[in-house]
Each structure stands twice: as C-alpha cells, then as structure tokens.
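Line by line, the protein sequences are chains V and E. All residue numbers for the first sequence refer to my numbering, where the first residue is 1 and numbers rise by one. All residue numbers for the second sequence refer to my numbering, where the first residue is 1001 and numbers rise by one.
Watch out, some of these pointers could steer you wrong.
Restraint-style ranges between C-beta atoms, simulated for each label pair [as the list claims (entries may be wrong)]:
no.: 1; chain 1: V; residue 1: 88; chain 2: E; residue 2: 1298; range: 46 to 54 Å
no.: 2; chain 1: V; residue 1: 191; chain 2: E; residue 2: 1297; range: 20 to 28 Å
no.: 3; chain 1: E; residue 1: 1267; chain 2: V; residue 2: 184; range: 37 to 45 Å
no.: 4; chain 1: E; residue 1: 1295; chain 2: V; residue 2: 233; range: 18 to 26 Å
no.: 5; chain 1: V; residue 1: 107; chain 2: E; residue 2: 1267; range: 52 to 60 Å
no.: 6; chain 1: V; residue 1: 109; chain 2: E; residue 2: 1203; range: 46 to 54 Å
Simulated from the structure, these hints should not be mistaken for lab results. The C-beta atom is built at its ideal place from N, Cα and C for all residues, glycine as well.
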Amino acid sequence: MRIVVCLKQVYDLAQLRYKSDGRIPLLEGLPVQLGSFEKNALEQALRFKEAASEVEVVALSAGVGKLQETIKEALAMGADRAALVIDPALGRADAAGTARALAAAIQKLGGADLILLGEGSDDEYTGQIPSRLAALLDLPQITFVRSLELVGGMVRAGRDLEHELEIVECELPAVVSVTSELNTPRLPPLSAILRAGRKPMQAWSLHDLGLSADLVSGPAAQIEVLSNLAPAQARKNVMLEGDVDQQVSDLVAALEREGVLP
Amino acid sequence: MSGVLVWSERDSLAHELLTFAGAHRPLLGPTYAAVFGEQATARAEAYRSWGAVRTYVSEAVEPTDEALAHSLSGLAEHLQVQLVLLGGTRRGRATAPRLAQILGAGCVSEAVELAVEDGQLLTSRYTLGGNTLSRERILTARKVIAAVTGAVGAEPGGAGEGQGGLEPGAPGETAGEILPLPFEPSESRARVVRREPKPAAGADLAGSERLVCIGRGLERAEDLPLIQELAEALGAELACTRPLSYEYGWLPEERMLGISGLRPSPRLMLSLGVSGQVQHTVGIMGSKLIVAVNREASAPIFKLADYGIVGDLYQVAPRLAERLRKRPRG
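Could you put together the complete structure from these sequences and hints?
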C-alpha cells in the first residue's frame, strides 16, 4: 500500500521578529523548517510501514524555495521518497490553491491508499487542506485524529473533539488529519540524515501537473488579507523582587490596588 | 444569491450566529438554519426565537465531515444562499473547507471575529502560530465561515443582547417555519461507530472574573489540590494549558486556554508554571490583568505579565492562598 504524507515547509516562528512598532511581523529571511503536526502524521505512516510489509511512504510537499532541503528531514525520518511541487505561484496560494496542487500531485503519483496530514500548519493554521483535498479527490475524511489503526482495508480512528471522543471507521482510500497527541515523532540518527540526500526525490512544476499559475493563485485567490498584525498589548511588566514571602506580600498589595480581588 | 444558512452541532453557538445574521439582514438577506442529529425537531423549536426564517431538520445525517458537508451544500444550493455560517468547533472547522470546496467558495475556517464594515463582511483569525491576527475578506460570491464562540460579540442568553433583542423573521414573511430536509442525506463513507463523552467540567470559564491557569510547571496530577486551594481562596476558576488537558488528561478540555481552547476575558489571570508559548498566550491576552509565576526568568510569559514573580509555584501558591484567606474582605 502507498501512504502519502503531505508536509508543509513552515516559518520557524520561534525566531519571528517584528518591525520597530512591535506589531508588523518580519517574514523576510525568516528560517524555514518542516511543520510539527506533519511530523506526527509522518511518524504514524512510518509505524504502519514498520508493522507491515509492502508499505511505501511518500513525503509530498508543495511550496517554494528551499523545499528540497527542508524535505530531507522527512526522508531522514524514514520516508521512502519525496515528491515536490515547486512553483513561485505557490508562494502566494491560499488553502484552495495549495489543495489543488497537492491533489494534482497525488493523481500524478497514481493515487494513494492513505493520505495523512497534520490538523493544521504551524504558521498559517487554516486547517483547510485535509478537507479540501478529500473533496477534490472525492475521498472520505477523518479529522483531528489522536489514535489510528489499520484494520484490513480499513482505518479505525479515535477522533478528538471538544466534548467527546469518537471512534470513526472507513474503507481505504481515505484522508486522515492528525493532532499532536497522536505520537512523539522520532529524531533521525545522524547516519539517516547523511543518507537522506540519496533517497529518490521528484520535483514537479505546476505545468508538469497540468496546472497553471492562474489556477492556484492570482485570479484564483479566494481570500484577500487586509492586514496581519500582532495584537496591541500594553502590560505593566512589573517584576516583584525579594524572597518568596516578600514577593507574595507585594503581590497581594498589588492585587488590592488593582481592585481585582473579591 | 441572498441569505445565510447557519449550522452548528452546538445549539448555543448556532444561536449566536443567527443573532449576528439577523442583525445584518439588509446586507445578508434572510436567515436559515439547519439542525441535524438527535432530537433535531425538538431542538429546532428554539431556533425560531433566534430569528431563523426556516429551520431544516434531519436526524438521519451522519455527523461526519463528509455527510455534513454534503447536506449543507445541498441546502445552500436549494436556498441559493450567499453565506454559510458554521460554528467553529472542531467538527465545524473540518466540515467548512469541504463544504467550501464543493460550493466553489472561499472559506475562513476559524474566525475569532466576524464583523460588517462598509457593507463588507470581514473576518479575523489568528495566524503565524497565534502571533498575529489576520483581517481578511472572502473574494468569492459564495462564502463559508466557521466562527468560534464569541466571534460575533453576542452571547445568547447573556446579559444585554439576547433573546429579547431579536424578533423572529421580518414583517410580511412567514416566521419560524420548521421543515424536513428537502432531500435524502447522502450516505457517509466514514461511520461513527462509538462516541464517548469526555467528563464535563461543569464550569463556566467564559463568565469568570478570576482564573488561575496552571501549566507544565505542575509536576504531578496529585499536586492539583494545591492549586485548587489557591483558586478557592481567590474566588477563581481553574484553567490550564493544552498539555495538561489533551496530553496528560489532568483537567478537562473545557478548562483549556489557547488557540485551540478558550479565550476568556477575566479581570485577573493568575498564571502558574506556564512558559508562555504563543499558542497558549492567545488564550489569555483578553485578560485585564495578568500575573505570572515561573521558575525561569527568561520565560516568555513575563513579557505579557503586568506583575511577575520568578519563583517556584510550589512555594508561591500555598503562601498566596494563606495570605488571601487571612485577608479582611469587603
């Protein structure tokens, strides 16, 4: 069976800085890395591969620049090969455009028995790709999955909702999105990192997939971003010093002054 | 195309969205609702008083993303609505993009604010890991939005705006009809074989004036009484970060604050042993006053704090509880 794991190259937000006003994010030159939720999806695929014979794990990603470098981490973790869609137009694509490129790539691969994704990406977090991809490929979907089993030709998933846990089953092929509680992704050993560059990697342009730039962004854009700013925050930032009794006593006094005690 | 179709498996959230749609009727057109699942017909009664001109009911729609998206797209086509508004629960957020894909619609899947400005529908959602708030406009003629509790600024049943403020329907129109779904719901390829409710919190964090939020600094579930005593002395409800709820299961999800949890606006947020990852701090930024206690002076939570104590919560919490208990009230 073939498992396609869709992975996104995301900004390393731990290094996010702002313009001097403190509200405009500076994205230019911000380092990129493999998204964290996607690593949970890949880890699950690798566990399936280890538990059964004849499972192929394909790491699929659509994006711009540096993607060939970023995807190596997925290969080092244990994916058999990588398939990439690289096109400048994808840098401006919204969720609908990206899903379109991923769907075309999966068709180009000859389909998949199981498509795994994270519940959302670390940076954009629209959470739309799994559902849009399932609709485009006309496949059933199970989302927000925190436990997953393969049972014959079926998946059985524990779906984590706010007030309940659901056990959901469906026949393969299917699209499944996972939460970070599913597992702890492995850290690849150095030897695997060194070997990763030798694994097969295909890279397609949109044209190779029978798509044009206008079908994933530009005139295809469904969302206009009017502004994207850090919320304004004005805090006092008063640190209470001294030993713990002094700190607690100063805190009670401060809370009294602020009028927030009952 | 005109009109709004509202659905959420959480009735109170659907009522909020109906209130919003009703308030913007000149722009959005008539308001319709869908109610699926157990007791659908009985539950639909309440929707009439929230302004739904027509409420479509079916108990036969499987609660999977696929089945919900198909039934809602069928209704959206049947009614020729321009907007489908879903509750931004996990179920709603997963259903919305599938529905949007079927309808050829642009979609915002987790709107934390929904507003009409200059005759345009605008949404805000957190992005860049919760660091920024993105204000967006959907460009397609048909739109799908999943909005979280509080996004429309209306708390049904709460003080101020509410049941009294809205009359069902408009003059000249049949008010509050309840109708069966006008087609057979399609079969779902995924099937829900079992449902287990999570233990209920029985707490209303959204309405609390004071919250004590505990993070990974708490070492064991057995130490929770220490925090509960402090919360009691402070007259506060207990809240937590995502790992304590989803990962360890020490506290129910109804007490979880953050991008995937609650974002309440208490007068006081006392944060204990919380490092301050942005996915969490999104949930506390609405607090009037933030106090943080953490062992690490470099913890990002201190940047958000009005008052900070670098210290061990195991030492601070019991002393603070004692001081508060001894304090003269009134």
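### Message
Of the numbered hints stated earlier in the document, which are not met by this structure?
### Response
Hints 1 and 2 not satisfied by this model.
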